[in-house]
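Peer 1: For reference, the chains in residue letters:
4 protein chains.
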Amino acid sequence: MKSIDLNCDMGESFGRYKLGLDEEVIKTITSANVACGWHAGDPLVMNSTVAMAKENGVGLGAHPGYPDLLGFGRRNMDCTLEEIRNYVIYQIGALQAFCRAHEVKLQHVKPHGNLYLTMLENEDLAKSVAEAVASVDPQLICLTLAGAKNRNMTRACKALGLKIAYEAFPDRAYTVDGTLVSRRKPGAVIHDPLQAAERALRMARDNEVIAEDGTKISLEVNTLCVHGDTATAVDLVKKIHQELSADGLEVKPLGQIL
Amino acid sequence: MKSIDLNCDMGESFGRYKLGLDEEVIKTITSANVACGWHAGDPLVMNSTVAMAKENGVGLGAHPGYPDLLGFGRRNMDCTLEEIRNYVIYQIGALQAFCRAHEVKLQHVKPHGNLYLTMLENEDLAKSVAEAVASVDPQLICLTLAGAKNRNMTRACKALGLKIAYEAFPDRAYTVDGTLVSRRKPGAVIHDPLQAAERALRMARDNEVIAEDGTKISLEVNTLCVHGDTATAVDLVKKIHQELSADGLEVKPLGQIL
Amino acid sequence: MKSIDLNCDMGESFGRYKLGLDEEVIKTITSANVACGWHAGDPLVMNSTVAMAKENGVGLGAHPGYPDLLGFGRRNMDCTLEEIRNYVIYQIGALQAFCRAHEVKLQHVKPHGNLYLTMLENEDLAKSVAEAVASVDPQLICLTLAGAKNRNMTRACKALGLKIAYEAFPDRAYTVDGTLVSRRKPGAVIHDPLQAAERALRMARDNEVIAEDGTKISLEVNTLCVHGDTATAVDLVKKIHQELSADGLEVKPLGQIL
Amino acid sequence: MKSIDLNCDMGESFGRYKLGLDEEVIKTITSANVACGWHAGDPLVMNSTVAMAKENGVGLGAHPGYPDLLGFGRRNMDCTLEEIRNYVIYQIGALQAFCRAHEVKLQHVKPHGNLYLTMLENEDLAKSVAEAVASVDPQLICLTLAGAKNRNMTRACKALGLKIAYEAFPDRAYTVDGTLVSRRKPGAVIHDPLQAAERALRMARDNEVIAEDGTKISLEVNTLCVHGDTATAVDLVKKIHQELSADGLEVKPLGQIL
Numbered sequence: 001m002k003s004i005d006l007n008c009d010m011g012e013s014f015g016r017y018k019l020g021l022d023e024e025v026i027k028t029i030t031s032a033n034v035a036c037g038w039h040a041g042d043p044l045v046m047n048s049t050v051a052m053a054k055e056n057g058v059g060l061g062a063h064p065g066y067p068d069l070l071g072f073g074r075r076n077m078d079c080t081l082e083e084i085r086n087y088v089i090y091q092i093g094a095l096q097a098f099c100r101a102h103e104v105k106l107q108h109v110k111p112h113g114n115l116y117l118t119m120l121e122n123e124d125l126a127k128s129v130a131e132a133v134a135s136v137d138p139q140l141i142c143l144t145l146a147g148a149k150n151r152n153m154t155r156a157c158k159a160l161g162l163k164i165a166y167e168a169f170p171d172r173a174y175t176v177d178g179t180l181v182s183r184r185k186p187g188a189v190i191h192d193p194l195q196a197a198e199r200a201l202r203m204a205r206d207n208e209v210i211a212e213d214g215t216k217i218s219l220e221v222n223t224l225c226v227h228g229d230t231a232t233a234v235d236l237v238k239k240i241h242q243e244l245s246a247d248g249l250e251v252k253p254l255g256q257i258l
Numbered sequence: 001m002k003s004i005d006l007n008c009d010m011g012e013s014f015g016r017y018k019l020g021l022d023e024e025v026i027k028t029i030t031s032a033n034v035a036c037g038w039h040a041g042d043p044l045v046m047n048s049t050v051a052m053a054k055e056n057g058v059g060l061g062a063h064p065g066y067p068d069l070l071g072f073g074r075r076n077m078d079c080t081l082e083e084i085r086n087y088v089i090y091q092i093g094a095l096q097a098f099c100r101a102h103e104v105k106l107q108h109v110k111p112h113g114n115l116y117l118t119m120l121e122n123e124d125l126a127k128s129v130a131e132a133v134a135s136v137d138p139q140l141i142c143l144t145l146a147g148a149k150n151r152n153m154t155r156a157c158k159a160l161g162l163k164i165a166y167e168a169f170p171d172r173a174y175t176v177d178g179t180l181v182s183r184r185k186p187g188a189v190i191h192d193p194l195q196a197a198e199r200a201l202r203m204a205r206d207n208e209v210i211a212e213d214g215t216k217i218s219l220e221v222n223t224l225c226v227h228g229d230t231a232t233a234v235d236l237v238k239k240i241h242q243e244l245s246a247d248g249l250e251v252k253p254l255g256q257i258l
Numbered sequence: 001m002k003s004i005d006l007n008c009d010m011g012e013s014f015g016r017y018k019l020g021l022d023e024e025v026i027k028t029i030t031s032a033n034v035a036c037g038w039h040a041g042d043p044l045v046m047n048s049t050v051a052m053a054k055e056n057g058v059g060l061g062a063h064p065g066y067p068d069l070l071g072f073g074r075r076n077m078d079c080t081l082e083e084i085r086n087y088v089i090y091q092i093g094a095l096q097a098f099c100r101a102h103e104v105k106l107q108h109v110k111p112h113g114n115l116y117l118t119m120l121e122n123e124d125l126a127k128s129v130a131e132a133v134a135s136v137d138p139q140l141i142c143l144t145l146a147g148a149k150n151r152n153m154t155r156a157c158k159a160l161g162l163k164i165a166y167e168a169f170p171d172r173a174y175t176v177d178g179t180l181v182s183r184r185k186p187g188a189v190i191h192d193p194l195q196a197a198e199r200a201l202r203m204a205r206d207n208e209v210i211a212e213d214g215t216k217i218s219l220e221v222n223t224l225c226v227h228g229d230t231a232t233a234v235d236l237v238k239k240i241h242q243e244l245s246a247d248g249l250e251v252k253p254l255g256q257i258l
Numbered sequence: 001m002k003s004i005d006l007n008c009d010m011g012e013s014f015g016r017y018k019l020g021l022d023e024e025v026i027k028t029i030t031s032a033n034v035a036c037g038w039h040a041g042d043p044l045v046m047n048s049t050v051a052m053a054k055e056n057g058v059g060l061g062a063h064p065g066y067p068d069l070l071g072f073g074r075r076n077m078d079c080t081l082e083e084i085r086n087y088v089i090y091q092i093g094a095l096q097a098f099c100r101a102h103e104v105k106l107q108h109v110k111p112h113g114n115l116y117l118t119m120l121e122n123e124d125l126a127k128s129v130a131e132a133v134a135s136v137d138p139q140l141i142c143l144t145l146a147g148a149k150n151r152n153m154t155r156a157c158k159a160l161g162l163k164i165a166y167e168a169f170p171d172r173a174y175t176v177d178g179t180l181v182s183r184r185k186p187g188a189v190i191h192d193p194l195q196a197a198e199r200a201l202r203m204a205r206d207n208e209v210i211a212e213d214g215t216k217i218s219l220e221v222n223t224l225c226v227h228g229d230t231a232t233a234v235d236l237v238k239k240i241h242q243e244l245s246a247d248g249l250e251v252k253p254l255g256q257i258l
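Residue numbers (the numbering used here), protein chains in the order written: chain A, 1 to 258; chain B, 1 to 258; chain C, 1 to 258; chain D, 1 to 258.
No false leads were mixed into what you were given.
Same chains, same label: a pair holds when it works inside one copy or across any pair of copies.
Straight line, CA to CA, 35 angstroms or less: simulated DSBU-like cross-link-like pairs of lysine-lysine:
#	residue 1	residue 2
1	K252	K27
2	K54	K27
3	K105	K2
No lab work stands behind these hints, which were simulated from the structure alone.
For clarity, every value in this text was computed on a predicted model and none was experimentally measured.
Let the hints inform the model, and build the full structure from the sequences given.
Peer 2: Rendered as structure tokens:
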């Protein structure tokens, strides 16, 4: 029986600022990428997110980002490799402490925002991220993009003996070479829930996606990235989870798959 | 043979800002209280401080503070107990990740600045700090002030089965009831190195201190707090270390004493 | 004809974090207290808030707070008077630059959160705030609480020749000595819109409020503090504005009243 | 009689962190670029820097940077033009408030670090900076690099009617096309005080510089950028000031030259 994970960014609230319907979406996902207080999140939010994930049997991942709360970690910051390595170590450690306090194990690491994007493009940065992960805990799974752009991270993880998981986006259009269509292009985001759920199923079950030009391309997929920022998004996650289960796939945390 | 530890605040540099002669003082102390990026310190500094401590056989402690870099953690911030508990967990975790990356064990936790002072006065806060420490790692030693003011922290640590270490200040005058003379009073800080070294010896060897009025008072002392912010301060630490060794005391990290 | 101002905290969003229905409430208030990037707000939010206020003929006020985004400026921070004075100068200046860019004049200053509360209790702090305001622009109006607790600020402003405005809270219960009932007590917040609107009218028109024990107390009131954080709150502001206008009061910015 | 300004970055201390020998160098420069609390500086430092500048007859400039204290504003941050415009407005305003409090006029604006460098390369960014300056106060002088790289900023300032000042670096080698030799190349920084002072004189008096290959190139120079971070640097500034005066040049603030 094929297994698939559903991962979602969580714990992005900060102080009085609330972001995301975490209490809702946690019930239907299987892995949570938890912000670590740099681009989003704070210790109270981290604590309650870890508690919620534990209660719902959801796998926990660190979601490290740039030191840029004002830009939500989405702006490129020209950090040195040494900076990146230590920033990632710091953030993983902070989240691990909450995991220990709640007696759960940290499952994975997924870089956030522009750090994630840069890691795909820059081999040295990918290495630095992988080194940071391996230095803190070599059992941690590295989460990266399925498809053509994962070469840097795959190579970096293999060199260090780290497990790697590939994620696909059911609500995003793909180019014929297996990468995401830029958000600036029309049709980049798929809004129809039925279509998104169907794509999720094809990704999870068949390891393939239909590109924007109709070509069928294959993608190794271990986890689907879903969103919990709006009620519509949460409904889509439920729909996807139902479709996958109905088709006989086992939806469960990455740590139980890899 | 009596043993004593010498602890010193370290890793307080931040970005381009440099503070403290860490490279000098590390050679003569036995435990380092490492700032965790909130009131001071940053991931690069934490990383190099942990590396330096390991190289010099110095025990590592987390030195958590308030989220107030501008005030260096020295201003009171009226945080809730829940906030304090989670802030301390976060900061311990961040430092632990660097310890793991360097394959050393975190030895102790010593709150910084106003958090340290408030912990002495406020029983609930002392409990929250102790709970934070215990929840992350019950093997960690809690470092607090020797003398009359340690009751809250002692009680909180005992209730949770945590080890506790008491520190005294060789360069500070003491009141007759065993607390520090306020810095605002004349004579509160002892500038004469010979006198400070003599007091250090009396504290370490005899567990006692001569109060400002000449009374001899007893203090249970496991570690002496020393400073590395100036060349004079570093010289004093060397002097203290020499005197203690010359008198037959074993100067070594807390973790090897308690 | 009696005039009254309606003031509301605004511009509290930060980066990706959104707070308050500013676009709605701006249409019905007459003065905006704009967060200056310390406890809330950022330069983009300040810019668009100033633009919106200008477009709606709303008077602009600086709303300086502590350097504590994580605590939203609501936690006490034990700053020195020198710190407070310079923090307030800094924040007023930052907002004034946006006022100049939009060719409007800054009208008033209302400290935020715990800074506001501490200013009521601490005469030296009140003086420091007033000095900061006067040093940047002696034409600025200082906004403080109507009733028994305004003595410190009133004295400080008078000594410096600053105009002062008193605010009352239509949705808050008052003690018999003219101060707000603590939020922790039942009945402290008035949820019934009709009752709140009626209290607003009595405050604005008659300069009086019925205390929790039924006693009628007099309050010098120049402005009513209203809220825009929920749709219900915005509806209440509309209701209050209508009642005031229907009764013949002129609802207009502080700068046109004092 | 030819006039020349000596400008220096100042007010870069932050909280307990001290940077620069400001009290020394202020005595010999004529314009100060004051950090505005984003990449460096804080309100207390800004206040005392403005006071010191006033006392020494030194012209005051805002030195806005990225929101990156950890990176000292030296790392590229991929901000939008709208962000840059508002960040610059905010920081100018904050400093202007201290100028008003001390009854001096803000003289100029010089972007800091990577913002300065990006402004040279990116025409849109140069426009945004110039727009920000013009929107706050069209009398402010924009300070940029003398030589080939000033085209963007010159064009942007001219379009808005802003005065512009060109700075040269006496202690830096120049390429034959009039730009600075990269710091990574040997010989990029001139350490010999005599040579630097001689170059300063040639720049100020003759508007020319000898490039690394010996070619004489002309540079329009209104101000020389000097440093106050070490005792050696301060001595160099004194030497430069003496040489310029001895040669009959009038060393005075930009605002009295342009």
